[in-house]
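Enquirer: Sequence:
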Amino acid sequence: MAIAAAAGLILIAAWQDFKAWKIRNWTVLALVADYALLALILWAGPPGAGILAGTDSASPLLGDLAAGMLLLTIGFVLWALRLLGAGDAKLFFPIGLFVGLNHLFSFAVGLAAGGIVVSLALQFPVPLQYQAWLALSRIEEIRKSRKVPYGIIMAAAALVAMYLRYFGV
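The numbering of the sequence shown is our numbering, which starts it at 978 and goes up by one.
Hints listed in this document are in silico derivations from the structure and should not be mistaken for laboratory results. All C-beta atoms, glycine included, are put in the ideal place defined by N, C-alpha and C. Errors might be hidden in some of the hints.
Stated by the list, open to error - Below, a list of computed lysine-lysine pairs in the DSSO-like style, where the Cα atoms sit at most 27 Å apart:
id : residue 1 : residue 2
1  : 996       : 1124
2  : 1124      : 999
3  : 1121      : 996
4  : 999       : 1121
Unchecked claim - Between beta-carbon pairs, the in silico distance windows are:
id : residue 1 : residue 2 : range
5  : 1010      : 1121      : 33 to 43 Å
6  : 1085      : 1110      : 29 to 39 Å
7  : 1059      : 1002      : 13 to 23 Å
8  : 988       : 1122      : 17 to 27 Å
Whenever a hint applies, use it, and build me the whole structure from the sequences.
Expert: In structure tokens, the structure reads:
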């Protein structure tokens, strides 16, 4: 249930970014709270193991925190260089928590692939007859502004990496 809630919150963040190039703080905080609940449910295991057992045991909390902090640091640097919005930078932390250290590579591959697809797609204008549709009108506005809502790409990559992590492939 916590994984489904996280997926829903990540989709909400992507929608917020698509609509207004902003990811609300409540979404990021709700994701962190959801992860805390998940950590308590999954990894507050038997005595001796505990929630802080480390990255190689059944309790990967430390690896998840490391992934979250690494992505947050990268996001902060990209924000400081004005390559990423503040909401996107903040969203990296809870995504890192849910993706975990062992699935950061699949997340990074998803980010790269999504970035390529979106940048190629935004090279082509939306035909005039379809611009009356709100979503396609917004895509045309995004294309003209050259400001990419990276939260959408991050969300897609995170959902794939979370699927790989929690539903095992």
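Enquirer: Against each hint, give a clear statement of whether it holds in the structure.
Expert: Hint by hint, here is what the structure shows:
1. 996 to 1124: OK: residue 996 and residue 1124 at ~12 Å, within 27 Å.
2. 1124 to 999: 12 Å, holds
3. 1121 to 996: 15 Å, holds
4. 999 to 1121: Holds - the C-alpha atoms of residue 1121 and residue 999 are around 18 Å apart, at most 27 Å.
5. 1010 to 1121: 33 to 43 Å: 37 Å, holds
6. 1085 to 1110: 29 to 39 Å: Holds, at about 33 Å.
7. 1059 to 1002: 13 to 23 Å: Between residue 1059 and residue 1002, where Cβ atoms are some 20 Å apart, the hint holds.
8. 988 to 1122: 17 to 27 Å: Taking Cβ atoms as reference, residue 988 and residue 1122 lie about 23 Å apart, which means the hint holds.
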